[in-house]
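Chains F and Y, in that order, are what the protein sequence lines are. To convert, note that position 105 of the first sequence is 105 in this note's numbering; the numbers rise steadily by one, no gaps. One rule links them: number in this note's numbering = place in the second sequence (from 1) + 247.
There could be a bad hint or two in this list.
One-sided and incomplete, this derived list gives chain Y residues near chain F with beta-carbon spacing under 8 Å [said to hold, decoys possible]: (1) 252; (2) 350; (3) 482.
These are computed hints drawn from the structure, not numbers from a lab. Note that CB positions come from ideal geometry on N, CA and C, so glycine has one too.
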Amino acid sequence: MRILSRAALLVALLAAWQLASLGGLPDYLLPPLEIAKDFAQALGTSELYGHIAASLGRAVPGFLAGAIAGSALGLLAGVRRGFDETVSPLVFLTYPVPKIVLLPLFMLWFGIGDLSKILIIALACFYPMYINAYYGARATPRILVWSARNMGASGAQIFRRVVLPAALPYLFAGLRVALALSFIVMFAAEMINARSGLGHLIRDSESSLRFDLMYVALLSIALLGYAGDRLLRYARARALVWQETHA
Amino acid sequence: MKVLRPLILVAFILAAWQITAKSGLWSPILFPPLERIGRELFIFATSWDGAVQTWVSLYRAFAGFGAAALVGGLLGLVMGRSPVVAGMLDPLFSGTYAVPKLALFPIFIFIFGLGSLSKVALVFLECLYPMVIITSQGARNVPKALLWSAENMGASRWTTLRRVVLPATMPYVFAALRVALPVALIVVVITEMISSVDGLGYLISYSLASLKTDRILAIVVVISALGLALDRGLVMLRDRLVYWEKLDTYYA
Chain F
1 MRILSRAALL
11 VALLAAWQLA
21 SLGGLPDYLL
31 PPLEIAKDFA
41 QALGTSELYG
51 HIAASLGRAV
61 PGFLAGAIAG
71 SALGLLAGVR
81 RGFDETVSPL
91 VFLTYPVPKI
101 VLLPLFMLWF
111 GIGDLSKILI
121 IALACFYPMY
131 INAYYGARAT
141 PRILVWSARN
151 MGASGAQIFR
161 RVVLPAALPY
171 LFAGLRVALA
181 LSFIVMFAAE
191 MINARSGLGH
201 LIRDSESSLR
211 FDLMYVALLS
221 IALLGYAGDR
231 LLRYARARAL
241 VWQETHA
Chain Y
248 MKVLRPLILV
258 AFILAAWQIT
268 AKSGLWSPIL
278 FPPLERIGRE
288 LFIFATSWDG
298 AVQTWVSLYR
308 AFAGFGAAAL
318 VGGLLGLVMG
328 RSPVVAGMLD
338 PLFSGTYAVP
348 KLALFPIFIF
358 IFGLGSLSKV
368 ALVFLECLYP
378 MVIITSQGAR
388 NVPKALLWSA
398 ENMGASRWTT
408 LRRVVLPATM
418 PYVFAALRVA
428 LPVALIVVVI
438 TEMISSVDGL
448 GYLISYSLAS
458 LKTDRILAIV
468 VVISALGLAL
478 DRGLVMLRDR
488 LVYWEKLDTY
498 YA
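Bound conformation, chain F alone:
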């Protein structure tokens, strides 16, 4: 019942949309039921899976590379002052810069294939991960570090048993931002230049006025984004059992 009332607005919007289509909508606004029908149909073909695989083949490696590099360097900056003072100002300074503008350069350097797209996604994901890991490591309660040191823990032990757990909530916050970014950048890169993937599919169907395919691509990307976010929230709940979640 609670779920029903929560979804009430969404259902009402979809119903209004469907009803409006009876009165005649422009060609490019397909009614929801028809989109659902097209989507079910597309799920039966192999073409859609090919595009999804191509998109994920870019987003996932880029996301992982950016997340790993960002959290490693961010944590390092959080615990090593010299590194922090050298690298952090540059990272913070270039944070508000839209990374996608480098895509044309990456295409020249690394080719127009998948590598340039993966690297630009990794670059975009690097920033939120670095910044969150940095502040996560910095937010470690001093008293815990002192106690651990007092009890004779080594530097590596302190990092693994004290700093890392303290930074984990921040790391997950960073992952959530990075995941959303990886989808946006993947989609943008595919719309700008690609021969496969959901971004390409949406561009292709747009220019050939295949509105049904356009909505299929749109719905696929929406579901993928939603599923990825859910997966991350689930992992977070598992990894941070001691922390109450307020997301």
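With chain F's structure known, arrange chain Y on it following the hints.
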């Protein structure tokens, strides 16, 4: 010393770039030397066209950003103070939060046309999310003691809203603005790269088509400087308006 250290890194990167460019191993199309980037930057900065394209991009970013700030701020305020409205709208916003709104761009083109409006609409939509989510969080977290005190002292609902809720939410509003502003810039540049005949994003695609890498890099410098300047401006405005609390989004 503290100021010098980041400069060392920047100097190192620039030197490495220049050595790569001058080594002759790669074509200057791949790694144009710094002086050529500088020359393109000078041409851009002194030409009338450069100013016009910058203005076009800024105009689109600000139109969408401003509308989202206004609508999202108000919506967030209402959602934070009214559980009924929050119960209705919250699932909608948190459910579609992770969905890349950029995917709607082709449809927006059909609805709003190829010109500025489709881009402004997409900027608005992308900026609306951080505005609503962060502002509503702030409006919800107004200290109870303050609300009770105001009520006790006989403040009307309107006075409470204006003198207690609004000031308590303002730091969050600025935090939201700081998240939304770079998003606005990103979306404008992306949409201009995908489909446009003007703006900075278009200049990048155009320069790529003619393999003018030095010009691409000059425009990248311009966009970076814009992003930085706007962010700094917002921080300065925040420090003047909400001087009592500096709530940070990315902590700089």
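Each hint, compared with the structure:
1. Using the Cβ-Cβ criterion of 8 Å, the hint placing residue 252 of chain Y at the interface with chain F is satisfied: the shortest such distance is roughly 4 Å.
2. Interface hint at residue 350 of chain Y: satisfied, since its Cβ lies 5 Å from the closest Cβ of chain F, which is below the 8 Å cut-off.
3. Annotation: interface hint on residue 482 of chain Y violated; nearest CB of chain F at approximately 11 Å, more than 8 Å.
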